[in-house]
Amino acid sequence: MDVLGRYRNLIVLVGVLFAQILGLAVQVNVKRTTDSEPTRLIRVWAVGMVTPFEKVLVWTQTSTSNLWHNYFYLRGVRAENRNLKAQIERMSLEQVRMSQDADQARRLQALLSFKEQFISQTMAAQVIGSSGSEQSRSIFIDKGDKNGIKTDMAVITADGVVGKVLRVYRSTAEVLLVNDQTSGVGAILDKTRLQGILRGTPAGEVVLEKVMSDETVPPGEQVLTSGGDGIFPKGLLVGTVTKISPGSELFLNIHVRPAADLSKLEEVLVVTKIDERQAEPDQTGAARAVDILAERLPGVPSKPETPESGTVPGSGASAPNVSNPAPALGAPKQATGTPKSPSADGSAIKPKAVVPQASASNTVPPSKKTTTPAPASAGSTSGSTPTSVKSSGTPKPAKPATEPKAPPTVEDSPH
Amino acid sequence: MAITYTSGEQVEVYRFSIPATLLIPLAAVFLQAWVPLRLPFFSIFDLPLLVTIGFATARRNPLAGLVTGGLIGILQDALTSQPIGLYGIAKTVVGFGASSLGIKLDVENAGARFLLTIFFFAIHEVIRFTIARGLVGLHIALSWPHELLSGMANAVLGVLVFMLLDRVKQRT
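Note that the protein sequences, when read in sequence, are chains P and U. For the first sequence, this note's numbering gives the first residue as 1, with consecutive numbering after it. For the second sequence, this note's numbering gives the first residue as 1001, with consecutive numbering after it.
Mixed in with the good hints, there may be bad ones.
Output of the computed footprint for chain U on chain P, the stretches with three or more beta carbons under 8 Å from beta carbons of chain U [said to hold, decoys possible]:
(1) 17-27
(2) 124-131
(3) 151-159
(4) 180-186
(5) 206-214
(6) 245-251
Since the hints were derived computationally from the structure, they do not count as laboratory data. Remember, predicted model here, so these are calculated numbers, not experimental data. Even glycine gets a Cβ: it sits at the ideal position worked out from N, Cα and C.
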């Protein structure tokens, strides 16, 4: 008994250490085998103790900052407004040019049956805390389970990729940064199209691995997400190549400077929904708006078909096609008043030109309507395809252009 | 009556009130998680470690030291993406060691506190590194110049933290 009393402290120390080491071993083992988390309760308690203070502090800081910017710091707003207007004008011109490029790209993609992924929904979140450790690079955001955040959602900023959601709590979530040593992002080099895996290093750097050593990678090349990890949509900017060094075995170590400043994150965007769709041409906002108008104004008196109908403003590149079509094909839809989905198909812009034709051909026998073939996706992409074929649409309900397709899968299609 | 879990058997033993016992470690963990967002260089400090050493040397009770260190470490672990126990084990040992050493050494002056902090910082890092590598399979970076710089920085901050703790500790 004396011995036990004498070494009581030491015995307790050994017991506590043993218990913790055992717990650690269990965690590692469980993580390897089942991917579940036995320490969830401890983490929930710890996060529950710390994050409320962080939220209050961040809220106070943001409120003070907003007060300053919204009410007191108004000097130069007029000049800034003038500059912004000028910038909008410049960007509008740029947008016209880019929309034409995009339209062309969509047509080509549709020809290839290309499925594209796009971020359809994001949620802004404020960074309220970090892990506080140099070896664990993670942050906490003020959105959690109740806001619809789920594990493995991508987290980005306007500059580039930040990381992915690692753990979700009731009103907060932990985000693993791309420079953490346990993170991994499928990445592709912008110009050379070499693919690799982006990993964090123990020192907090970001390295692109699994690129063969006989490849040539110029410093300064941009690194994008490849979409191969199933978390990040393809094409997001990750960073820029800064240095290339020989790696293990036959691979290169390509050092990458992250595009997002990971040490000074204040607000991030959580990608809550990624959609995948078949590329279709002419899916422009303007086209859909026109279609909506056409649908909402069923009582517009019909005009006789004239060749000038193809010159409806806004029809853009599609206008010339309008003069080709057989009037009968476009007719049935309007004749029967079949509603067309606002974003029915890529031809939405053309019906504007076709409307008069529709009215003019009200006499087309109903049987003709039903025999109208549904336009094939690839066929409808061709610029030479008669507009009315695309826009006629059989009476079947039109498929929304942005119809989401569950879960996003990545297809490395040619660019 | 103030409640304390120091033994009171040794001379020059101090105790902390319950609010101080609970809030100071919590504040240390909170600051450690929050300040690096605004000042990234702050992550070279380990405030919870300094509080562990400060509490342990003041109480001079090994059991209280290891329990305090263990709890602070586990709380710190829970905020990281790593398995829980890395900081917990390291701080348990530091808490035990600091309180055991505090019984035998005079740790009231700044010089002794400076050296004590560097010593326990090194112990802490070695234990954490060993466990991370050996048990968890993590490849934690161990750069000696960085660790030395970090140790010195923590020692300087430690002297200040201990001075603040001196203000809230109470003689038994």
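Quick rundown of the hints versus the structure:
Counting residues of the region 17-27 of chain P whose C-beta sits closer than 8 Å to any C-beta of chain U gives 7, which meets the bar of three, so the coverage hint holds. Counting residues of the region 124-131 of chain P whose beta carbon lies closer than 8 Å to any beta carbon of chain U gives 5, which reaches the threshold of three, so the coverage claim holds. Counting residues of the region 151-159 of chain P whose CB lies closer than 8 Å to any CB of chain U gives 0, which falls below the minimum of 3, so the coverage claim is violated. Residue count for the region 180-186 of chain P with a Cβ under 8 Å from a Cβ of chain U: 3. That meets the three needed, and the coverage hint holds.
With a threshold of 8 Å between beta carbons, the proposed coverage of the region 206-214 of chain P by chain U is violated, since 0 of its residues qualify and at least three are required. For the region 245-251 of chain P, the proposed coverage by chain U is not satisfied: 0 residues have a C-beta within less than 8 Å of a C-beta in that chain, short of the threshold of three.
The earlier numbered hints that this structure contradicts are 3, 5, 6.
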